[in-house]
Amino acid sequence: MHISEGLLPAPLWLGGYGITALLTGWSLHLLQRLEKDPRRQLPKAALLTAAFFVASSLHLPFPPASLHLLLNGLMGVMLGALAYPAIVVGLFFQAVAFGHGGLTTLGINAAIMGIPALLAGGIFRASRRWLGTGWAAFWAGAVGVVLAALLFYGVVLAALRREGIPSTSAEHLALTSLVAAHLPLAGVEGLFTRWVVLFLQRVQPQLLGEDEKL
Amino acid sequence: MKSSKANLPCPPLASRSFSSPWLHRWRPLPKVVGLLALMAAFAQVQRLALLPLVWVLVALLWALSGLPLRRGLRRLAAPGVLLIAFVLFLPFAVGETFLWQWGSLALRWEGLERALCLGGRSLALLALAMLLGETTPLPALLAALGALGIPDLLLELAWLTQRYLQEVGSQWQRMQRAARLRGWRPRGSLWQPGPTWRQDLPFLAAAVGTLLVRSYERSQRVYQALRLRGYGRAPLVPPAAGGDPCSWAATGLALAVAVGLVLVNFGGYPD
Numbered sequence: 001m002h003i004s005e006g007l008l009p010a011p012l013w014l015g016g017y018g019i020t021a022l023l024t025g026w027s028l029h030l031l032q033r034l035e036k037d038p039r040r041q042l043p044k045a046a047l048l049t050a051a052f053f054v055a056s057s058l059h060l061p062f063p064p065a066s067l068h069l070l071l072n073g074l075m076g077v078m079l080g081a082l083a084y085p086a087i088v089v090g091l092f093f094q095a096v097a098f099g100h101g102g103l104t105t106l107g108i109n110a111a112i113m114g115i116p117a118l119l120a121g122g123i124f125r126a127s128r129r130w131l132g133t134g135w136a137a138f139w140a141g142a143v144g145v146v147l148a149a150l151l152f153y154g155v156v157l158a159a160l161r162r163e164g165i166p167s168t169s170a171e172h173l174a175l176t177s178l179v180a181a182h183l184p185l186a187g188v189e190g191l192f193t194r195w196v197v198l199f200l201q202r203v204q205p206q207l208l209g210e211d212e213k214l
Numbered sequence: 001m002k003s004s005k006a007n008l009p010c011p012p013l014a015s016r017s018f019s020s021p022w023l024h025r026w027r028p029l030p031k032v033v034g035l036l037a038l039m040a041a042f043a044q045v046q047r048l049a050l051l052p053l054v055w056v057l058v059a060l061l062w063a064l065s066g067l068p069l070r071r072g073l074r075r076l077a078a079p080g081v082l083l084i085a086f087v088l089f090l091p092f093a094v095g096e097t098f099l100w101q102w103g104s105l106a107l108r109w110e111g112l113e114r115a116l117c118l119g120g121r122s123l124a125l126l127a128l129a130m131l132l133g134e135t136t137p138l139p140a141l142l143a144a145l146g147a148l149g150i151p152d153l154l155l156e157l158a159w160l161t162q163r164y165l166q167e168v169g170s171q172w173q174r175m176q177r178a179a180r181l182r183g184w185r186p187r188g189s190l191w192q193p194g195p196t197w198r199q200d201l202p203f204l205a206a207a208v209g210t211l212l213v214r215s216y217e218r219s220q221r222v223y224q225a226l227r228l229r230g231y232g233r234a235p236l237v238p239p240a241a242g243g244d245p246c247s248w249a250a251t252g253l254a255l256a257v258a259v260g261l262v263l264v265n266f267g268g269y270p271d
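As you go down the protein sequences, you meet chains H and R in turn.
Going by my numbering, the residue at position 42 of the first sequence is 42; the numbering climbs one at a time, nothing skipped.
Going by my numbering, the residue at position 235 of the second sequence is 235; the numbering climbs one at a time, nothing skipped.
It is worth saying that the hints were derived from the structure and are not from the lab.
Don't take each hint at face value.
Here are some of the chain R residues that sit facing chain H, going by a computed Cβ distance under 10 Å [as the list claims (entries may be wrong)]:
| hint | residue |
| --- | --- |
| 1 | Ala40 |
| 2 | Phe42 |
| 3 | Arg75 |
| 4 | Leu76 |
| 5 | Ala93 |
| 6 | Ala106 |
| 7 | Leu123 |
| 8 | Leu141 |
| 9 | Thr161 |
| 10 | Arg163 |
| 11 | Glu167 |
| 12 | Gln173 |
| 13 | Val213 |
| 14 | Tyr216 |
| 15 | Gln220 |
In this text, all values refer to a predicted model and were calculated from it rather than measured experimentally.
Beta carbons: idealized from backbone N, C-alpha and C, even for Gly.
Using the sequences and the hints given, assemble the complete structure.
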């Protein structure tokens with residue numbers, strides 16, 4: 001779910017950088033405010049970012065193609081506010097080392113993946129007590145995908161409108177069908193997140209932020 | 001931390017095996033400023049007439065980098081599904097000047113022009129990003145970004161992530177190999193989920209969970225080892241070195257070209 005270089009008009013990609021600067025700044029400020037030594041969290045965030053980067057290459061067969069998991073909801077669950085800078089870093093490496101996404105679209109791509117990650121983390125923490133850990137994780141994973149898909153297609157439609165394709169009914173149809181097409185993926189990602197989180201709760205509950213402030 | 005690898009310098013993103021007469025010698029800070037300015041200018045280009053100039057600049061920089069052309073073409077051959085969809089869709093959806101028509105399907109000049117502009121611009125930007133990554137070692141790139149105002153914590157996160165990316169990747173491959181040796185074969189699909197596939201997804205979730213747990217445990221040891229070596233008292237990413245006059249002159253030229261491109265693009269210069 002990457003937007004390639006050169007597809008977006010300047011106001012969109014500059015706006016993406018603005019949003020990413022604000023959210024990254026907020027996240028790092030929160031880290032500095034809540035942690036006596038903010039650097040203590042960095043190795044954990046870095047290694048988990050690397051692990052997410054690797055695990056997101058996992059392809060599941062979905063005929064006639066295959067799909068890969070976004071795992072942004074799981075990042076939000078595990079890293080809290082640090083999920084946003086972690087996503088920025090992951091996308092930066094993908095852009096520079098592999099040519100996925102791009103440097104001009106880094107800000108907007110980070111917003112597409114990162115805002116749902118932050119919301120997913122919030123949903124998990126807010127609903128964990130009354131839904132239980134497993135179902136809270138399911139909704140965090142599913143919401144992460146659906147929101148990312150909505151943001152992605154919203155940005156794409158804005159770019160298409162800029163290119164002179166203003167048909168409102170066609171936009172609505174495209175948006176509805178594309179989000180509907182992502183519902184199975186949201187279900188799979190929700191289930192996957194639920195299983196990973198239940199596994200972590202049994203094996204290493206600290207990873208679910210039980211002793212963290214962020 | 002037991003591993004002696006932790007004391008090795010960060011492996012550069014850029015491959016240093018290519019002999020490059022000039023682009024490698026362009027100092028990182030001025031190079032980042034110059035290439036980012038060019039990228040910002042290229043991203044503004046909306047006139048088809050400006051694309052040849054953009055591609056001449058890309059070709060010139062590529063020649064100065066000494067990178068093999070095949071390497072670039074291989075990367076540019078996979079620009080992404082979305083870009084391909086845009087380039088294929090626009091000529092049939094935008095414009096009034098029909099070039100060819102078959103039933104309700106019509107190829108239109110305005111859409112074709114936009115598709116060419118968008119595709120050419122996108123590939124040029126990808127090429128510039130690749131040049132930056134391939135000719136600048138990561139610590140130098142991060143130091144240059146630090147000099148441009150990116151926060152230290154974000155740079156350190158990037159440095160540490162890159163440091164352990166390859167190691168985590170190898171661990172993931174080892175885990176998959178071990179699972180296969182124990183008889184696990186991914187089967188079924190989301191389309192036709194057989195009993196094996198329904199077992200596969202929880203198994204994969206447990207594998208990802210194990211990878212996360214191992215990474216977390218390792219991160220605790222990494223932090224303690226880093227603290228013992230003075231982490232927090234000195235910056236992990238060293239400050240960027242300035243540049244020589246030649247590098248800054250090249251950056252000045254790149255900035256002038258970038259400003260010129262933007263002015264011509266928006267300034268009513270005839271196509």
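Hint numbers contradicted by this structure: The structure conflicts with hint 6 only, although it agrees with all the remaining ones.
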